[in-house]
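There are 2 protein chains.
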Amino acid sequence: MKIGIVGLGVIGGSYALNLKPYGHEIVGYDTNPDTIKYAREQNIIDHGDHEQPDILGTCDVVFVCLYPQDTVQFIKRHASLFKSNSIVCDVSGVKEDVMLSLDNLYVEYFELVFAHPIAGREVRGIKGAKKGLFNNMNFIITPHKKNTPGALKTIEDLALEMGFGHISFMSDAEHDQAIGYTSQLTHAIAMALMNASDYNDQTKFTIGDSYRDLTRIARINEDLWSELFIKNAYKLTHIIDHFIDSLNQVKTAIKEKDEDTLKSLMIESTKRRNALDE
Amino acid sequence: MKIGIVGLGVIGGSYALNLKPYGHEIVGYDTNPDTIKYAREQNIIDHGDHEQPDILGTCDVVFVCLYPQDTVQFIKRHASLFKSNSIVCDVSGVKEDVMLSLDNLYVEYFELVFAHPIAGREVRGIKGAKKGLFNNMNFIITPHKKNTPGALKTIEDLALEMGFGHISFMSDAEHDQAIGYTSQLTHAIAMALMNASDYNDQTKFTIGDSYRDLTRIARINEDLWSELFIKNAYKLTHIIDHFIDSLNQVKTAIKEKDEDTLKSLMIESTKRRNALDE
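Taken in order, these protein sequences are the chains called X and B.
Residue numbering for the first sequence follows my numbering, starting at 1 and increasing by one per position.
Residue numbering for the second sequence follows my numbering, starting at 1 and increasing by one per position.
One thing to keep in mind: the hints can contain errors.
For chains that are exact copies, the list does not tell them apart, and a pair is met inside one copy or across any two.
Simulated crosslink set (BS3-like; lysine-lysine; CA at most 25 Å straight-line) [said to hold, decoys possible]: (1) K235 / K263; (2) K83 / K145; (3) K145 / K257; (4) K130 / K204; (5) K131 / K204.
It should be emphasised that the hints constitute simulated quantities derived from the structure, not laboratory data.
One chain only, chain X, in its complex shape:
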């Protein structure tokens, strides 16, 4: 297949790196000329351009690996450019907002498929692209009513080639609810922990692995994540409330020195965490 990739950052670059070994022809489009130069020199892509998106016009599948709002704008602006019967797929971490914004394009002669690779790194740009980044990771496809089984299958197969370990199908609302909890809430927690008033200059001498692990993602790309948080604001604020309820249960048990409740909460969290690895 001839596969186009728009935006050669960590995700787009890793899509290219992990699809290339399967014999696909990889076409890259990124507005940064250095990125295209590097991607060609490193043999991450076969062809590329930083000015002419027309290069995507002969691709069978185009992955638009941009931030949500940029994805919507790129697809709308270049809708006439995509090949007849081609598939255009996003990578956005929010789905209701993006799918609603592109609603009027569902019936175009190309087919839109919406998908979310649940992977990332705390670095930006093509140099953060990595072979094996998707190994055993989760991939979610959020079908819309106009999708054909063939297009969904194509994206599923490409995700498996890239190394993803589990492909789920769910509605856009289910996706935003689930990801609000597993991904957005965790980033909000990491930020809040790092920014809490108890942090001070001596903190670094009193931490162990736990604090390091819980704050790793406090090193956060503010452009991407402020967009993701705001686009999922309604669900995410409720999810934060549910987490605070859960934390207040722990706090109340501590305050009342209620050892039995504390232990049962710990046994439950241990059981659930073990189940994640099964």
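Place chain B on chain X using the hints.
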């Protein structure tokens, strides 16, 4: 030196493993005969017993590597057993409670030193002991007014031999405040995240590394941690409140779609997290 270790779990066993290469004679005491048998077979200790703590009576330094309450009880019960001018040192993750409970022993003919190795693993028992477990980790000594510079120096030197990267000296209250934030709060957050009402059977298919990292310590030893939480209840409940305040700042910015505030919170958390690694 002849070094006694009481309780050959992850911490005690790792103390033994990481001190032995320096030529010390290591004496182990653990009430589990299988543990002593394994520790001798694996050459983790030189001598050991599961019934007679008297074996500790000739040691220059004894590390009591038990849970806080057990540490207090063991030291009180066996106070007459320790060698004259020897040092007895704990590993407890709470200090005010433990030091207050042993207050009347500060003037014994042996010297109590209180210290906290900030390291651990999500496994229990001697088989979780590990060479290098303490490499570059933090170690805190909480001196009391009767401590001699010589005894504090001995424990500091042994900590450096074990591989610890930074030794801090602070009061018991400062320790409990700092550790309440960096260690106890992080465990409370991990539990609460895992136990939140948004968790369900499908969660495992919608997670990435962030969720896995933030819940790793939700797999928690309920006997140890319920004790640590309750013994630091006053400080910890306030620390939890401060964290919730910080998270509510994030939530309010999301709710109000206040991109500027969200970004500035993210930039601050990124800056602070980067400083941890400097």
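Against the structure, the hints:
Taking the shortest alpha-carbon separations for K235 and K263, only the inter-copy value of 20 Å comes in at or below 25 Å, while the best intra-copy value is 30 Å. Taking CA atoms no more than 25 Å apart as the test, K83 paired with K145 passes inside one copy only; the shortest distance there is 21 Å, against 79 Å between copies. With identical chains, the CA atoms of K145 and K257 are never at most 25 Å apart, being 53 Å at best within one copy and 30 Å at best between copies. Taking identical chains as interchangeable, the C-alpha atoms of K130 and K204 lie at most 25 Å apart only when they sit on different chains, with a minimum of 23 Å there against 30 Å within one chain.
For a Cα distance limit of 25 Å, the shortest separation of K131 from K204 across copies, 23 Å, qualifies, whereas the shortest one inside one copy, 33 Å, does not.
When the structure is compared with the earlier hints, a violation turns up for hint 3 alone.
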